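J.: Residues per chain, in single letters:
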Amino acid sequence: AQSVTQLGSHVSVSEGALVLLRCNYSSSVPPYLFWYVQYPNQGLQLLLKYTSAATLVKGINGFEAEFKKSETSFHLTKPSAHMSDAAEYFCAVSDHRNTGNQFYFGTGTSLTVIP
Amino acid sequence: DGGITQSPKYLFRKEGQNVTLSCEQNLNHDAMYWYRQDPGQGLRLIYYSQIVNDFQKGDIAEGYSVSREKKESFPLTVTSAQKNPTAFYLCASSSLQVSIYGYTFGSGTRLTVV
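Line by line, the protein sequences are chains A and Z.
Numbering follows this note's numbering, with no gaps: position 28 of the first sequence is 374.
Numbering follows this note's numbering, with no gaps: position 97 of the second sequence is 188.
Keep in mind that the hints were calculated from the coordinates and are not lab data.
Warning: the hint list may mix true and false statements.
[Stated by the list, open to error] Example chain Z residues on the side facing chain A (calculated, C-beta under 8 Å, incomplete):
# : residue
1 : Leu134
2 : Thr177
3 : Leu181
4 : Gly193
These numbers come from a predicted model, not from an experiment.
All C-beta atoms, glycine included, are put in the ideal place defined by N, C-alpha and C.
Extracted from the complex, chain A is given alone in its bound form (with noise of 0.2 Å):
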């Protein structure tokens, strides 16, 4: 079976500061990793996804994730918040088995940024 926890429902970081979002994930076989974004009221985003390549993946809005298969992790990361960045943020985890519901996204993380 497989799930994302993700640590922390609400995060808030001062403008400019660092940005750490953090997710850890439980597979059986090796993880495709996704994260995405959400604004009130609108639909999901995808920011970025972990498919087996390179271990550190760079996404849109300055945002980028590292996993480390060793810590089960693939936490999100952003040197400088900016204000637009306040948002819902979803892990979602996957594997290479093509079938309709293998993909388990977590409960969410609500970003604020404090001007």
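On the provided structure of chain A, position chain Z as indicated by the hints.
T.: Just chain Z, lined up with the frame of chain A:
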């Protein structure tokens, strides 16, 4: 531009009514999904379909029904049997290689019972 369209954006339902949420995609994706989103609970899968005229129940299918008569369309009906339908509903689509490419989401429908 290719994308996935949900309508309406806001929907109000009276007690005992059935309502249908629309989801259309022009991405030529084989698979389509419906999720329900409640505050603090993340996304919960209602139904999904990988091929026309076939669909599977997700984790919370009770009180909902779907159809997949066309590849492009996957409407969701919230029936009167769904006791707590107020939520944000998200439709998504993907190629069959969802593990590699992930989902494309619509912009959502917010359903409120009045």
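J.: Are the hints correct? Go through all of them and say.
T.: Verification of the supplied hints:
Interface restraint check: Leu134 (chain Z) against chain A, minimum CB-CB distance 5 Å, threshold 8 Å, status holds. The beta carbon of Thr177 (chain Z) is not positioned within 8 Å of any beta carbon in chain A (closest approach about 14 Å), and the interface hint is therefore violated. A hinted interface residue such as Leu181 (chain Z) counts as satisfied when its beta carbon comes closer than 8 Å to some beta carbon of chain A; here the least separation is about 6 Å, so the hint holds. Here the hint on Gly193 (chain Z) is kept, as its CB sits about 5 Å from the closest CB of chain A, short of 8 Å.
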